[in-house]
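Trainee: These protein sequence lines map, in sequence, to chains P and H.
Heads up, the numbering used here is the position in the first sequence plus 2, with the first residue counted as 1.
Heads up, the numbering used here is the position in the second sequence plus 10, with the first residue counted as 1.
Hint data in this document are derived by calculation from the structure and do not stem from the laboratory.
Note that the coordinates shown come from a computational prediction; the quantities given were computed from them, not determined experimentally.
Check each hint, because a few of them may be wrong.
[Unchecked claim] No more than 16 Å apart at the CA atoms, straight line, and that leaves these computed lysine to aspartate or glutamate pairs for EDC-like: (1) Lys143/H - Asp58/P; (2) Lys143/H - Glu154/H; (3) Lys148/H - Asp58/P.
[Said to hold, decoys possible] Derived CB-CB ranges, DEER-like: (4) Glu98/P - Pro133/H: 50 to 60 Å; (5) Ile69/P - Ala129/H: 19 to 29 Å; (6) Gly134/H - Ile69/P: 39 to 49 Å; (7) Ile69/P - Thr147/H: 20 to 30 Å.
[What the hints assert, rightly or not] Selected chain H positions facing chain P (in silico; Cβ < 10 Å): (8) Val31; (9) Met32; (10) Phe61; (11) Leu77; (12) Val85; (13) Ala115; (14) Leu144; (15) Leu160; (16) Gly196; (17) Ala199.
Cβ atoms here follow ideal geometry from the backbone N, Cα and C, with glycine treated the same way.
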Amino acid sequence: MAIGWYLVVSALIFSIGAAGVLVRRSPLVILLCLELMLNAANLALVAFSRMWGGEDGQVFALIVMVIAACEVTVGLGLIVAMHRRQLPIDVDDLRELQG
Amino acid sequence: MSAVLFFIAAIGAIAGAIGVVMLRNSFYSVLSLVCHLVSLAALFLLLRAEFVAAAQVIVYAGAVMVLYVFVVAYVGGGEEIPTRSGLRLLGPLLALALAVELCVALLGTALKGISGKGAPYLPGFGTPEHIGKLFLTKYLFPFEVASLLLLVAAIGAIVLARRRRGLEPDEELEARYHPPLPSWVGSMAEAGGLTHFEETPGRQEPPPSPESPARPETEPIGSQS
């Protein structure tokens with residue numbers, strides 16, 4: 003398959019993830035949609051690595067996976083803290099962060 | 011053959027992504043993301059990135075998704091009430107515009123290699139050996155920074171999610187370490203071994219064991235265990 007097909011799939015997954023971040027209100031699902039966008043970037047990196055024949059893109063894909071794991075850890079910790087304080091698990095109700 | 015595999019994996023990945031966004035129950039969203047990640051690992055294998063595919067399945071679909079499932083079970087992410095504002099239509103429109111824009115950029119690109127099948131495959135491309143060599147020579151600094159970032163994230167999660175004193179009453183712990191005592195504990199009557207059996211009529215006195223002879227009632231006995 004041509005490399006362009008992989009990039010089209012990557013663009014579609016990124017757009018779906020962006021739509022999820024905009025539409026959904028539960029912070030858990032917003033974190034999942036962020037994962038979708040990071041994975042789309044990963045797919046593009048690996049496709050470009052195949053296109054050039056070097057492994058540098060795969061190295062950066064692995065580093066992006068590390069970043070995603072860190073983001074998930076801190077985000078889930080925040081959600082657990084919100085649940086402990088009995089705040090609503092809903093980004094529309096948490097308006098204090100708007101300033 | 012590779013085209014068939016590509017389309018199966020791509021449809022699986024996109025369907026999983028749509029399922030994450032559309033499903034109302036967040037638990038089903040997590041399961042849909044697992045499907046998406048496994049399909050994406052198949053795409054990585056088609057791109058000859060074996061180590062990245064294995065790391066995707068083990069780290070993402072294994073470890074991170076288990077963390078998600080635990081948190082969804084802890085928080086109890088139930089059904090989400092749909093938004094009532096007009097922003098509900100604006101979000102998908104923006105995403106559609108983004109998709110169209112990205113596809114136009116891809117189709118109108120001047121990159122020559124994008125329509126080819128990629129560089130000729132050399133044996134050993136994408137194996138852990140090559141990736142590890144790159145990580146420890148050329149990309150040593152990003153590797154170390156990533157390990158430091160993981161440490162900071164772990165400490166941050168512990169600080170964020172720990173149980174704070176004063177935030178909530180620790181009634182369970184209090185009850186476990188200081189169980190409520192009967193009223194006769196510590197009184198002189200207990201020391202004499204006299205009255206507490208009358209005070210708690212439901213309690214049966216255990217029969218004296220044959221090794222220990224029955225003590226006279228005036229002799230003080232130890233605390234009732």
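Trainee: Hints first: check each against the structure and report whether it holds.
Mentor: Taking the hints in turn, this is what the structure says about them:
Proposed proximity of Lys143/H and Asp58/P is supported: the alpha carbons are some 11 Å apart, at most 16 Å. The hinted pair formed by Lys143/H and Glu154/H meets the criterion: a straight-line CA distance of about 14 Å does not exceed 16 Å. Between Lys148/H and Asp58/P the CA atoms are separated by roughly 9 Å; this keeps the pair inside 16 Å, and the hint holds. In this structure the hint that Glu98/P and Pro133/H lie 50 to 60 Å apart at CB holds, the actual value being about 57 Å.
With their beta carbons about 27 Å apart, Ile69/P and Ala129/H fall inside the hinted range of 19 to 29 Å. For Gly134/H and Ile69/P, the hinted distance range of 39 to 49 Å is not satisfied, since their beta carbons lie about 27 Å from each other. Range check, Ile69/P to Thr147/H: Cβ separation about 21 Å, and the 20 to 30 Å hint holds. Taking 10 Å as the C-beta cut-off, the interface hint given for Val31/H holds, the closest approach to chain P being about 4 Å.
With a cut of 10 Å, the hint placing Met32/H at the interface with chain P holds, because the nearest CB-to-CB distance is about 9 Å. Proximity of Phe61/H to chain P holds as hinted, the smallest CB-CB distance being about 7 Å (cut-off 10 Å). Evaluation of the Leu77/H hint against chain P yields a held restraint, the C-beta minimum of about 6 Å falling below 10 Å. A hinted interface residue such as Val85/H counts as satisfied when its beta carbon comes closer than 10 Å to some beta carbon of chain P; here the least separation is about 5 Å, so the hint holds.
Because the closest C-beta pair between Ala115/H and chain P is about 8 Å apart, less than 10 Å, the hint holds. Among the interface hints, the one on Leu144/H holds; its C-beta lies about 5 Å from the nearest C-beta in chain P, closer than the 10 Å criterion. Because the beta carbon of Leu160/H sits about 6 Å from the nearest beta carbon in chain P, less than 10 Å, this interface hint is met. Annotation: interface hint on Gly196/H violated; nearest CB of chain P at approximately 38 Å, more than 10 Å.
Hint on Ala199/H is violated. Least Cβ distance to chain P is approximately 45 Å, over the 10 Å limit.
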